[in-house]
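Student: Chains A and B supply the protein sequences, listed in that same order.
Residue 374 in the UniProt record's numbering sits at position 374 of the first sequence, and the numbers go up by one each step.
Residue 10 in the UniProt record's numbering sits at position 10 of the second sequence, and the numbers go up by one each step.
FYI, nobody ran anything at the bench for these hints, they're computed from the structure.
Every residue, glycine too, gets a C-beta built ideally from N, C-alpha and C.
Please note that a few of the clues may not be correct.
Simulated restraints, written as ranges between beta carbons of each label pair [claimed, not checked]: (1) A:Asp282 <-> B:Gly208: 46 to 52 Å; (2) A:Asp311 <-> B:Gly208: 35 to 41 Å; (3) A:Asp282 <-> B:Asp166: 37 to 43 Å; (4) B:Gly44 <-> A:Asp49: 25 to 31 Å; (5) A:Glu162 <-> B:Gly44: 50 to 56 Å.
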Amino acid sequence: MSERTLYDRVWERHKVTELPTGQDQLFVGLHLIHEVTSPQAFGMLRERDLEVAYPKLTHATVDHIVPTADQSRPYAEDAAEEMMSELEANVREAGIEFSHPDSGDQGIVHVIGPEQGLTQPGKTIVCGDSHTSTHGAFGALAFGIGTSQIRDVLATGTIAMEKQKVRKIEVTGELGAGVEAKDVILEIIRRLGTEGGVGYVYEYAGEAIESLGMEGRMSICNMSIEGGARAGYVNPDETTYEWLAETDAFADDPDRFDELKPYWESIRSDEDAEYDDVVTIDGSSLEPVVTWGTTPGQGVGITQPIPHPDDLPEDKRDTARRAQEHMRVTPGETMAGYPVDVAFLGSCTNARLPDLRRAAGIVSGREVHEDVRAMVVPGSQRVQRAAEEEGLKDVFEAAGFDWRNAGCSMCLGMNEDQLEGDEACASSSNRNFVGRQGSKDGRTVLMNPRMVAAAAIAGEVTDVRELKEVTRA
Amino acid sequence: MSDVEIPEVDSVSGTGVPIRGNDIDTDQIIPARFMKVVTFDGLGEFAFFDQRFGDDDDQKDHPMNEERFQGANVMVVNANFGCGSSREHAPQALKRWGIDALIGESFAEIFAGNCLALGIPTITASTEEVGALQAYVEEHPDAEIAIDVDRELVTYGADGEDHAIDAAVDTAQRTALTEGVWDTTALMKSNADAVREKARELPYVEDGQIPDAAD
Chain A
1 MSERTLYDRV
11 WERHKVTELP
21 TGQDQLFVGL
31 HLIHEVTSPQ
41 AFGMLRERDL
51 EVAYPKLTHA
61 TVDHIVPTAD
71 QSRPYAEDAA
81 EEMMSELEAN
91 VREAGIEFSH
101 PDSGDQGIVH
111 VIGPEQGLTQ
121 PGKTIVCGDS
131 HTSTHGAFGA
141 LAFGIGTSQI
151 RDVLATGTIA
161 MEKQKVRKIE
171 VTGELGAGVE
181 AKDVILEIIR
191 RLGTEGGVGY
201 VYEYAGEAIE
211 SLGMEGRMSI
221 CNMSIEGGAR
231 AGYVNPDETT
241 YEWLAETDAF
251 ADDPDRFDEL
261 KPYWESIRSD
271 EDAEYDDVVT
281 IDGSSLEPVV
291 TWGTTPGQGV
301 GITQPIPHPD
311 DLPEDKRDTA
321 RRAQEHMRVT
331 PGETMAGYPV
341 DVAFLGSCTN
351 ARLPDLRRAA
361 GIVSGREVHE
371 DVRAMVVPGS
381 QRVQRAAEEE
391 GLKDVFEAAG
401 FDWRNAGCSM
411 CLGMNEDQLE
421 GDEACASSSN
431 RNFVGRQGSK
441 DGRTVLMNPR
451 MVAAAAIAGE
461 VTDVRELKEV
471 TRA
Chain B
1 MSDVEIPEVD
11 SVSGTGVPIR
21 GNDIDTDQII
31 PARFMKVVTF
41 DGLGEFAFFD
51 QRFGDDDDQK
61 DHPMNEERFQ
71 GANVMVVNAN
81 FGCGSSREHA
91 PQALKRWGID
101 ALIGESFAEI
111 FAGNCLALGI
121 PTITASTEEV
131 GALQAYVEEH
141 PDAEIAIDVD
151 RELVTYGADG
161 EDHAIDAAVD
171 TAQRTALTEG
181 VWDTTALMKS
191 NADAVREKAR
201 ELPYVEDGQI
211 PDAAD
């Protein structure tokens, strides 16, 4: 069993009691809710005549179904309007703060929590969304839950959980030019597998992780669940504290920051902490990674050949064969040159300001390929405003990208932003599952934001390192 | 607060439906477009929709479309079943289609937790044993499968045959199911004082965020 890790410490600080099942009852420090997975939970509360126990530790936003073009109410789609209205009624009744589109603070739940300073080190954070692991970037223990568990958290402020093992993933060295956080996590999942993390929490460490900004750390923790790990985290450090100091929570209240910092420091893993498993990856050897298949673990370096199913472990072959048939890729070839119809820059993985900046650096002075429809969907209204103020919108629009409003959008195709037919999409999102982007025949290739920008311009998957960055005038 | 009756789930028995393949994600189990709803009612007909139906809603080859598997209540699956999204819509859809238990090589964590919250056991067994059970169910769709949750035992057979699998059920899941404590709301609510105490101990929780004791 792990000892003296951040996970052990945050767990102990939040453990209320042991339940008869052997699970622990954990206090929840922040409960984030959105329109897709919470309405049924509020319904269950009503059936049982229960109220929301900790409304002031609960925060709502709307992201999955929100239109990213015309957001005037009522929404064009009846089902979307119904879900939004239901959420509005539920939060009003319970007294839950809501980052409503009218507030200017709306966005993807895993973008707005951090940017508002709700996400802090040493908190337990849950949300009915598997990418809640994102918040672990700040040294929080954050994980996705189902709707019945949302009911539990709403009704009691706690959750029943079994303690997991801790795997330390140490990424050593310096990442090469053009290699990003996204490539690191795609490589981790490729190596450890989509179920390698089941039963584990991932602690990301090492020089390559520590030298990342908060946005890069969020991209990595975000996709922990794609590797089977329900939660992943990075120990808080000066990078974390600098970011936090600028947020709503502390910008006007430096005393509160000073009050909490000792707690944040106290929950860090010890240098000699014990782990259930340790994996080391040489970060300096990585290159941009793209997926060739239909699970996030089916990735390959951009200059490397797509594996032949027969060369994979026996339990991976069948899935690989079906994936290659769906994607229409040829083993032995590289993914470079794979034609794309759509480029999607967005999602809780890669739609923060630095993501858009880096992609804009590639797009600037170039034009989207004539056969590609390209879109940018900022992660939040704040990201959108900041990007517009510094001229990124103009750069993208000049190149032929569609600049849209904040939401989950084409990551999962619950609004009007969807793939059609068998379109192939270069996507900065997190899942390449069959049907994920709204069309069951659609084909998704996951990659980092600069690679998406490069694919949009070239009309095919392209090694971004071969493109020169154009300095904006 | 109204009391909720939580049945003990000691055993499940019935016939099986095999769903083959590793890494079957929740987007396949219930595509996102069917989640634009505010209740779980009616999700059953959309379970595995894109695998079961073509563009014109024509039926495709899929076990859940086959007459012989109608009425099955035990789904037999392979590795990492239910990976991806946390959507409880996935087990809710399977439950509404008629599934009472799943036997597989392994399950994604959030999916298994969501099943438990609905009182649905997720039993694990070796690749060979799961493969043998899937093959057997295909040969003998009427075969009776009996799951003993407490003894972690699966038995199945038809035409007088009798097979047994030494299966595994996660300890907390086994206790929760067999003792009828898989719905944890009331149980955890009863510790409200200790929860408030815990909240007061945490430096980041402000006094104004903690509700009064009077319930």
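Student: Would you mind marking each hint as holding or not holding in the structure?
Tutor: Against the structure, the hints:
no. : hint                              : in the structure
1   : A:Asp282 <-> B:Gly208: 46 to 52 Å : holds (49 Å)
2   : A:Asp311 <-> B:Gly208: 35 to 41 Å : violated (60 Å)
3   : A:Asp282 <-> B:Asp166: 37 to 43 Å : holds (41 Å)
4   : B:Gly44 <-> A:Asp49: 25 to 31 Å   : holds (27 Å)
5   : A:Glu162 <-> B:Gly44: 50 to 56 Å  : violated (29 Å)
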